[in-house]
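Undergrad: Below are the chains, spelled out letter by letter.
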Amino acid sequence: MNEFLGIIQHELHMAALAFMGIAYILRIIWLLNFSAARERTLPAGQPAGAVVSSLLAVAKPWTREGSSRNPVFYIQFVLFHLGAAAAISLTFFIPYRPELLKYEFFVRTLQIILGAAFAVGLHRLYRRMAEPSLRLISTPDDYFALIMMTVFYAAGIGAISVNSLMMGNGPLLVFFLMAAFFHFYVPFSKIIHYLYYPFTRYYLGKTMGHRNIGNGRISSLS
Amino acid sequence: MNANTHPSGNRSGDPALATAGRIPALLRARINRQTACSMVTCVHCGKCAQSCHYSLARPHDPFMTPAYKADQIRKIFNRHLDWLGRVFPRWVGAGGKTEETDLSHLKDIVFGTCSGCRRCTFNCPMGVDNAALIRLARGILMEVGVVPQGMSNVCRNQWEMGNQMRVTEEDFIDSLSWVRDEVQYELGVDDVEIGVDKEDCDFIYAVNPREVKYDPRSLINAAKFFYLAGESWTLPRNGWDQTNFGLFSGDDRLGAFMAGNLYQAAARLRAKRIVVSECGHGYRSVRWEGYNWAKHNQQIPTESVIETIMRYLRAGRIKVDRSRNTASVTFHDSCNVARYSGLVEEPRWILKQVCSDFREMHPNRTDNYCCTGGSGLLVMPEYRALRLEVAKIKAEQLKATGADIVCTMCHNCRDGLGDLISHYQLDMKVVQIMDLVANALILPEKHGS
Numbered sequence: 001m002n003e004f005l006g007i008i009q010h011e012l013h014m015a016a017l018a019f020m021g022i023a024y025i026l027r028i029i030w031l032l033n034f035s036a037a038r039e040r041t042l043p044a045g046q047p048a049g050a051v052v053s054s055l056l057a058v059a060k061p062w063t064r065e066g067s068s069r070n071p072v073f074y075i076q077f078v079l080f081h082l083g084a085a086a087a088i089s090l091t092f093f094i095p096y097r098p099e100l101l102k103y104e105f106f107v108r109t110l111q112i113i114l115g116a117a118f119a120v121g122l123h124r125l126y127r128r129m130a131e132p133s134l135r136l137i138s139t140p141d142d143y144f145a146l147i148m149m150t151v152f153y154a155a156g157i158g159a160i161s162v163n164s165l166m167m168g169n170g171p172l173l174v175f176f177l178m179a180a181f182f183h184f185y186v187p188f189s190k191i192i193h194y195l196y197y198p199f200t201r202y203y204l205g206k207t208m209g210h211r212n213i214g215n216g217r218i219s220s221l222s
Numbered sequence: 001m002n003a004n005t006h007p008s009g010n011r012s013g014d015p016a017l018a019t020a021g022r023i024p025a026l027l028r029a030r031i032n033r034q035t036a037c038s039m040v041t042c043v044h045c046g047k048c049a050q051s052c053h054y055s056l057a058r059p060h061d062p063f064m065t066p067a068y069k070a071d072q073i074r075k076i077f078n079r080h081l082d083w084l085g086r087v088f089p090r091w092v093g094a095g096g097k098t099e100e101t102d103l104s105h106l107k108d109i110v111f112g113t114c115s116g117c118r119r120c121t122f123n124c125p126m127g128v129d130n131a132a133l134i135r136l137a138r139g140i141l142m143e144v145g146v147v148p149q150g151m152s153n154v155c156r157n158q159w160e161m162g163n164q165m166r167v168t169e170e171d172f173i174d175s176l177s178w179v180r181d182e183v184q185y186e187l188g189v190d191d192v193e194i195g196v197d198k199e200d201c202d203f204i205y206a207v208n209p210r211e212v213k214y215d216p217r218s219l220i221n222a223a224k225f226f227y228l229a230g231e232s233w234t235l236p237r238n239g240w241d242q243t244n245f246g247l248f249s250g251d252d253r254l255g256a257f258m259a260g261n262l263y264q265a266a267a268r269l270r271a272k273r274i275v276v277s278e279c280g281h282g283y284r285s286v287r288w289e290g291y292n293w294a295k296h297n298q299q300i301p302t303e304s305v306i307e308t309i310m311r312y313l314r315a316g317r318i319k320v321d322r323s324r325n326t327a328s329v330t331f332h333d334s335c336n337v338a339r340y341s342g343l344v345e346e347p348r349w350i351l352k353q354v355c356s357d358f359r360e361m362h363p364n365r366t367d368n369y370c371c372t373g374g375s376g377l378l379v380m381p382e383y384r385a386l387r388l389e390v391a392k393i394k395a396e397q398l399k400a401t402g403a404d405i406v407c408t409m410c411h412n413c414r415d416g417l418g419d420l421i422s423h424y425q426l427d428m429k430v431v432q433i434m435d436l437v438a439n440a441l442i443l444p445e446k447h448g449s
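Residue numbers (the working numbering), protein chains in the order written: chain E, 1 to 222; chain U, 1 to 449.
FYI, nobody ran anything at the bench for these hints, they're computed from the structure. As the structure is a prediction and not an experimental result, all values here were calculated from the model. Yeah, the Cβ is synthetic: ideal placement off N, Cα and C, and Gly gets one too. Take the hints with a grain of salt, since some may be wrong.
[Claimed, not checked] Quick list of in silico lysine to any residue cross-link-like pairs, SDA-like style, CA-CA up to 20 Å:
#	chain 1	residue 1	chain 2	residue 2
1	E	Lys190	U	Ala267
2	U	Lys295	E	Glu39
3	E	Lys206	U	Thr35
4	E	Lys206	U	Leu81
5	E	Lys60	U	Lys97
6	E	Lys102	E	Leu122
7	U	Lys295	E	Pro43
8	U	Lys295	E	Lys102
9	U	Lys352	E	Pro43
10	E	Lys190	U	Leu81
11	E	Lys60	U	Asn292
12	U	Lys97	E	Pro140
13	E	Lys190	U	Asn292
14	E	Lys190	U	Thr35
15	E	Lys190	U	Gln72
16	E	Lys190	U	Trp83
17	U	Lys272	E	Lys60
18	E	Lys190	U	Gly95
[Unchecked claim] Derived list of chain E stretches under chain U, where covered just means 3 residues or more per stretch with a C-beta under 8 Å from a C-beta of chain U:
#	stretch
19	23-35
20	51-59
21	62-76
22	134-144
23	175-186
24	202-212
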């Protein structure tokens, strides 16, 4: 069992990561094969700052009406993605830095984050099924990706609680099998959005900066 | 190609299937990296519904969700341009065969349920530009001829006559001489000149055809300001229409044709600047999109007349008295001017010079709601009932200001707002910035008071 778990934790995990990396590279090449529209106008503003601002938009909820009016949704977003970061980090901490898991504060923090992310995942799933507008636009992948992430958080809680709950290697096995599947599946699902985000935000920010949109200053360059 | 074969290669003999079958190739030819990014980045979070006036006004109707509207073209992209969608179409929402696409339904969605205001883009956490996808879909439908009649008519006018209202050259010249006489009468002078095709002027002035055909007040005001400022300006004989239905229809070739007419006129007349009268989509087309459509590298400054007037006021070339506009005034940011072009503080600066009671509506600037008449909806009467229904969001916003006047810098918004003010019986009138500047204008001694 331990040998099997070791293979899953190391060899399979690395193979899945390598596959994901290659798939990401192919997706980026595919995206860059679309030629970018060329800008032929004289600038009214400075694109550089706007590009940075656009890339950081995810960390600035006050710049979007929806998030500023409904901060609860944004908090859920943060928790859900912190959960993703925590679960992915665990796939490295457990096999490569197990000594970190001896610190109770560290373990408790991860458990709380993963627990919160799990709860948000359930809520998001309910929302996606209950709201007619979300149900209309949802694809099978939207549901599956959300369920997979939510279960992955639960598996993460199990994996990090192995020692305290004396549950043996079962939870670790489930967690690392899920992690491997996760790495194989992500390039084919909407979860890949974080790979596209910098490109989409870069071009939007570049256009906005070039046109001096939204910076509240009078343009003097025209 | 075989004479019996449809351009799409479809041999079924069913024209609807054959026309729909052309869409993937047209999409492939038109898509660029920016729109491809918007195709692939949407996570279907549904936040866009919270910013769209169609969704807000019809919360019971999921078909108004911007992501759903964009998905209608996205699923064709997924099916034909993304290998994942080709292999697992149902799994990623790539839908059925494109040949089975109901083009009439697609037309009603992209022309009738979106004003391209871009509010959802600004509120999308991912930065997905749904408005760009809607315009892309419109352009493809334009190419295959599945277009609302009103949109088609105006596009045809621009192709045939070089202006959207079929104004002949004789009518154009006649109107300008009438405008000149009117300005001379109002100013009490006899040396006003409204040049046509004058070379080496400081700027070439492009207008909305309605200023020539139906409502010359804007042109009269502009001519008055230019005269008092001692400006050297001209209108071009060809290329004077700054409006551009290439923007609304998604037809980049028409966009290039209309904007190109003006750029060529400016080059031919050696103008040092292009100035565009108060018009939201016209300004966006001439200042930004037109250069890219026409593949014409911008060489001279291109600005809205609002920027020109601001320069005059700052330099003291014209003088105003804000106490002449005592009614309460609020400002409506045109989507094409604010969210697409970044011109938000300039109109406010002017309004604060010419009005004694200026008040903001909320939200404002790049968060403002559309007038609901954008993207050519005013020429598509089949969508009027829905347009006015969803205009309740704008009506409530206007009403909350308690203002007597709503001011805008867009002819289209003026008509859109006028329509909803009448429909919702608001006690408010709509004007443009130039109207208020003209009312506050202090004439020099020799021109009387």
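Undergrad: With reference to the structure, classify each hint as holding or not holding.
TA: Hint by hint, here is what the structure shows:
no., hint, result
1, E:Lys190 / U:Ala267, "violated (49 Å)"
2, U:Lys295 / E:Glu39, "holds (9 Å)"
3, E:Lys206 / U:Thr35, "holds (14 Å)"
4, E:Lys206 / U:Leu81, "violated (25 Å)"
5, E:Lys60 / U:Lys97, "violated (40 Å)"
6, E:Lys102 / E:Leu122, "violated (30 Å)"
7, U:Lys295 / E:Pro43, "holds (16 Å)"
8, U:Lys295 / E:Lys102, "violated (63 Å)"
9, U:Lys352 / E:Pro43, "violated (27 Å)"
10, E:Lys190 / U:Leu81, "holds (16 Å)"
11, E:Lys60 / U:Asn292, "violated (31 Å)"
12, U:Lys97 / E:Pro140, "holds (18 Å)"
13, E:Lys190 / U:Asn292, "violated (32 Å)"
14, E:Lys190 / U:Thr35, "holds (17 Å)"
15, E:Lys190 / U:Gln72, "holds (17 Å)"
16, E:Lys190 / U:Trp83, "holds (14 Å)"
17, U:Lys272 / E:Lys60, "violated (41 Å)"
18, E:Lys190 / U:Gly95, "holds (16 Å)"
19, 23-35, "holds (count 5)"
20, 51-59, "holds (count 3)"
21, 62-76, "holds (count 7)"
22, 134-144, "holds (count 9)"
23, 175-186, "violated (count 0)"
24, 202-212, "holds (count 7)"
Hint check: violations occur at hints 1, 4, 5, 6, 8, 9, 11, 13, 17 and 23; the rest are consistent with the structure.
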